[in-house]
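Input sequences plus hints: build the corresponding full structure.
Residues per chain, in single letters:
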Amino acid sequence: MTLRLRLFALVAVLVTLTVVLVTSVVASSARQAFATLDAQRTAAIAAQIRREFAVQQDQIAQRLERIAASDTVQRTVTELGRSTADPARHVGDAGPLAAAQGLDFLDLVDDRGKILSSAQTPARFGYRHPAWADGGAAAPATPAALLQRIDLPSEHAVGFIATRTVTAGDHRLYVIGGRRLDDQFLAALVLPEGMRVRLYRDGDPATDAMRPLAARVRQTRQDAHERIGGGDGVESVAAIPLSGHDGEVLAVLLIASSDRELSDLMSRIRWTGVLAGALGIALGCGVSYLVASRVTRPIESLVDAVRDVADGRWNVDPPATDASGEVGALARSFARMTAQLSEQRDRLVQAERVAAWRELARRLAHELKNPLFPLRITIDNLRRAKALAPGEFDEVFDESLGTLTTGLASLNTVVARFSDFARMPVPEFAEVPPNDIVRHALKLFDAQLAAADRPPIRVASDLDASVEPIEADADQLGRALLNLLLNAIDAMPQGGELTIRTRRAKGGVRIDVADTGEGLTGEERARLFTPYYTTKQHGTGLGLAIVQSVVADHRGRIWVESEPGRGTTFHIELPQSHETHMS
Amino acid sequence: MRRFRFVWLAIASAPLAAAAVHGARAQYGGTLRVETRANVHALDPTATPLDRVDAAAARRIESLVFDTLTHVDPAGGLRPRLATSWESDRGGARWRFHLRPGVALHDGTALEAWQVAAALRAVSAGWSTSIDGDAVLIESQRPRPELPWELADARFAVAVRRSSSSVVGTGPFRLERIEASRIILRAHDACWSARPFLDAIEIMMGRAGAAQLTDLESNRADIVDVSPADARRLTDHGLRVITTRPLQGYALVFEPHKADAASDRLREMFAGSLDRSAIANVLLQGRAEPAVALLPSWVSGYPEAFAGRTLTRTAKAADRLPPEQRTVSLRVDSADPVARLIGDRIAVDAREVGFTVTVQAPAGLAPRPDVRLVRITLDANIPTLVLARLVAELGPRALSLATAEQPPPADAPLAAALAFERALLQGSMIVPVVRVPDLYGLADGVEAFSGEPVDATGTWNFANVSLHAAARSRGRP
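Line by line, the protein sequences are chains A and B. Residue 1 is where the first sequence starts when you use this note's numbering, and the numbers rise one by one after that. Residue 1 is where the second sequence starts when you use this note's numbering, and the numbers rise one by one after that.
These are calculated hints, taken from the structure and not from any lab test. If you're wondering where the values come from, they're calculated on a predicted model, not measured in any experiment. Treat the hints loosely; a few may be bogus.
[What the hints assert, rightly or not] Label-pair restraints from in silico Cβ distances:
hint: 1; chain 1: A; residue 1: L152; chain 2: B; residue 2: T48; range: 53 to 63 Å
hint: 2; chain 1: B; residue 1: L365; chain 2: A; residue 2: R211; range: 27 to 37 Å
hint: 3; chain 1: B; residue 1: D260; chain 2: A; residue 2: R211; range: 53 to 63 Å
hint: 4; chain 1: A; residue 1: H245; chain 2: B; residue 2: D260; range: 23 to 33 Å
hint: 5; chain 1: B; residue 1: S218; chain 2: A; residue 2: R260; range: 45 to 55 Å
hint: 6; chain 1: B; residue 1: E268; chain 2: A; residue 2: D111; range: 28 to 38 Å
Cβ atoms here follow ideal geometry from the backbone N, Cα and C, with glycine treated the same way.
Put into structure tokens, the structure is as follows:
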């Protein structure tokens with residue numbers, strides 16, 4: 001990863017973290033603010049409900065007062081005082097009275113506690129009213145409506161109930177009635193958007209999720225709060241116990257505040273955070289690009305210069321030496337280092353050149369010394385033979401002439417070999433199949449390898465058919481392969497296995513020539529491609545130098561793998577096109 | 001002077017006398033507006049609607065259009081109608097009914113004996129019919145001494161079929177139009193018993209009870225159905241309410257899964273919790289009568305106690321029952337307001353002794369109940385016929401659970417009917433509750449020339465009904 005990319009990523013991460021942090025803080029603050037607001041709204045609604053309860057209680061008391069003063073009730077209480085009173089006549093009185101006054105419950109009860117007429121349970125006439133259930137003489141007349149439980153055939157309802165006593169002579173009639181406290185009762189409340197008020201009822205699917213909360217409130221008789229629901233339907237529910245005059249919790253009022261508004265706000269905050277983050281990242285990227293460009297440009301110049309030096313181009317321009325700070329110091333040090341390296345390289349080249357000349361001189365001396373010694377002896381013999389008889393002189397002269405001719409021929413051969421190496425021809429490139437060159441080279445050794453007087457060498461040819469033609473000089477490449485094959489054969493005087501293999505390489509072809517001979521030492525491997533270096537008794541030391549020269553001319557590379565006793569393998573990689581390098 | 005006074009008194013009294021005579025004499029004309037909650041879609045004695053209320057209303061309307069051979073008056077006496085006389089052989093297996101001469105059908109043709117025989121054959125109840133001159137012969141395998149009473153039933157009204165969908169009768173009114181919610185009958189001018197006072201009758205069907213009362217009180221209807229619980233309200237408003245004798249009974253019928261011996265105490269306690277007197281006298285405003293027997297005395301002729309039950313309430317605390325037996329679901333007919341009232345009171349009574357009662361009044365499918373409140377039709381003249389209808393209404397399953405005995409045949413003696421009724425009630429699988437009459441509210445302008453517009457047997461006596469001048473002046477439907 002480049003420095004610029006790293007800087008870019010760093011800025012992006014920093015911006016993201018900052019946005020996330022800010023978003024979290026804002027969201028947390030918003031949530032707290034909402035919680036506070038919700039608590040205030042719940043308290044306001046609860047106060048509103050209590051006021052509404054008080055209003056309803058007053059209305060119930062007034063309506064009951066009107067019922068008590070109505071002709072129907074007055075006539076009823078009067079008739080009940082007669083000995084011929086027929087209670088059955090009044091069984092249907094409560095319904096119309098309750099309907100006329102908008103009451104949900106109304107019982108007309110005689111002074112023995114027996115129901116004469118009931119609006120909510122018309123069939124209960126004749127039975128004792130629940131207020132007299134404990135055998136009491138009479139229910140107390142309550143000035144205000146109180147919350148009470150009303151047992152209906154199919155449910156237990158809750159309502160505000162008041163009682164009025166109507167007296168005629170010795171007879172009394174109790175008018176007991178009120179209104180049901182239910183969701184319809186609560187529907188009159190004006191609630192802020194997102195809030196709703198319900199009464200908890202056992203078995204009501206709409207409030208079923210709030211059962212544990214309601215149970216807790218019933219048990220503790222105190223307010224409780226809970227968040228109920230999941231997903232978008234989360235509500236903050238405040239549960240308020242509604243108790244009767246004896247303290248028993250008769251109903252639980254649920255004030256639910258939808259979290260949708262909060263959830264919408266949180267969503268908006270999230271999206272704002274995402275947008276801000278995206279913008280910040282984009283801005284940060286732009287800024288970081290500019291900054292990174294300014295910071296990394298000298299470094300990149302340095303990297304390019306280093307890459308050039310690594311590729312062998314030593315004469316690079318000193319990069320960014322005018323930069324300030326550490327990068328400038330680094331650039332200047334690098335320039336100084338490359339200058340020193342270049343100077344050292346020149347000195348090394350010069351030293352190698354001297355060494356090469358010395359080696360050449362040594363080899364020349366060695367090569368020329370052997371033929372020259374017989375020539376000098378022959379010349380000395382001729383000088384001595386001048387004193388011999390002409391017949392003997394002629395005999396010596398002919399013999400010496402032959403020796404001189406042979407010696408000169410030998411000198412000529414040496415000189416020709418050196419001349420050949422000095423004058424390696426420029427390769428002529430053409431598209432050639434590497435496998436064909438390998439096969440042709442191997443073919444030249446068929447007879448030699450098949451000779452009966454030499455130890456057997458098995459040839460293993462493993463040529464990849466998918467290898468494509470390359471641009472190469474077939475003659476020079478074949479000559480290089482001949483040298484490698486010859487070396488391999490020479491390395492196995494006791495016989496062995498010669499393997500030649502071709503494979504597709506990245507951008508070219510790879511040719512491996514392996515033997516199972518004695519192998520090379522480390523020193524031998526180091527000097528293997530040095531001209532005139534040989535380990536053979538009669539070698540010139542030019543074979544592998546020629547191979548290396550051919551490979552270099554083809555812009556390829558050659559290397560050797562060998563261990564003493566484990567054979568030797570030469571690897572050649574050649575590019576598809578001679579205009580490209582093998583890396 | 002004394003003579004002079006009498007003259008002046010006579011002169012001054014003349015308009016009053018004339019007015020009295022005028023008021024007592026029925027006037028012709030006008031349309032009687034009748035409302036009912038029933039729905040009748042065809043008038044044909046051979047077809048009976050499935051719904052009991054609809055079937056009863058159909059019989060009432062058919063009695064205005066079709067005549068029977070005989071008729072049972074409110075006092076229980078057998079009267080001639082299309083048949084002027086009848087006689088039988090000694091055993092009662094062969095009957096000869098002499099037809100009234102000159103009876104005209106609604107289409108103006110004369111009624112002939114073969115048409116009567118064909119009509120009776122269409123509703124054959126185990127007899128064969130033939131004619132002999134102007135007489136109709138009815139023969140059966142068994143003696144049928146009660147046959148003239150049987151033939152007074154509206155089922156055996158003579159309907160002459162003109163086509164697959166058209167029948168005509170000889171009654172005081174002919175069918176003019178029948179619509180989804182309205183039937184219009186027009187006076188039969190050539191009726192053998194005299195032309196009715198009314199020109200037409202408009203019957204509005206499917207009307208809810210409250211709507212009927214409102215229409216009656218606002219003078220938009222002349223005769224409406226009235227629930228016993230509403231009767232007092234009408235009389236308090238100065239309107240007339242006429243009542244028949246109890247023509248329907250209500251009984252609790254336990255479902256088969258409560259018929260086992262383990263539920264004996266449940267049934268007994270549940271039946272014992274009933275306060276029939278409160279239901280009849282308070283809830284139904286004294287218009288109903290408590291019932292401990294299925295057959296009313298006026299049908300059976302014997303006291304109800306003979307059926308083996310007493311009216312005394314025997315409430316016992318249900319907490320002696322296993323908990324699972326204390327919960328009872330009671331189903332009532334949602335379309336029957338009287339049944340709903342009674343059901344609610346039964347539930348209250350049962351709750352008072354410790355039962356947990358759920359009252360179901362489903363309009364459609366509902367969970368299986370434990371006990372049903374069943375309405376029983378009692379408008380028949382013969383005990384065996386009432387029992388036969390009761391058996392049909394209860395269904396064979398409930399009957400087989402209540403008793404292994406078979407219902408007595410129509411001509412069975414009274415003792416057989418009594419024995420069968422006692423068997424039905426034994427074990428409290430079937431528990432009679434109350435018997436309820438039909439009640440009708442009448443508008444001011446409705447008068448009957450003789451009797452009431454609806455007689456005690458429930459028959460619509462509209463051929464004798466006339467309207468006051470103000471009511472007559474209303475437009476023709």
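We went through each hint and held it up to the structure:
1. A:L152 to B:T48: 53 to 63 Å: 40 Å, violated
2. B:L365 to A:R211: 27 to 37 Å: Holds: the Cβ-Cβ distance is about 29 Å, inside 27 to 37 Å.
3. B:D260 to A:R211: 53 to 63 Å: Since the Cβ atoms of D260 of chain B and R211 of chain A sit about 37 Å apart, the hinted range of 53 to 63 Å is violated.
4. A:H245 to B:D260: 23 to 33 Å: For D260 of chain B against H245 of chain A, whose Cβ atoms are near 47 Å apart, the range 23 to 33 Å is violated.
5. B:S218 to A:R260: 45 to 55 Å: 51 Å, holds
6. B:E268 to A:D111: 28 to 38 Å: 35 Å, holds
Hints 1, 3 and 4 from the list above are not met by this structure, while the remaining hints are.
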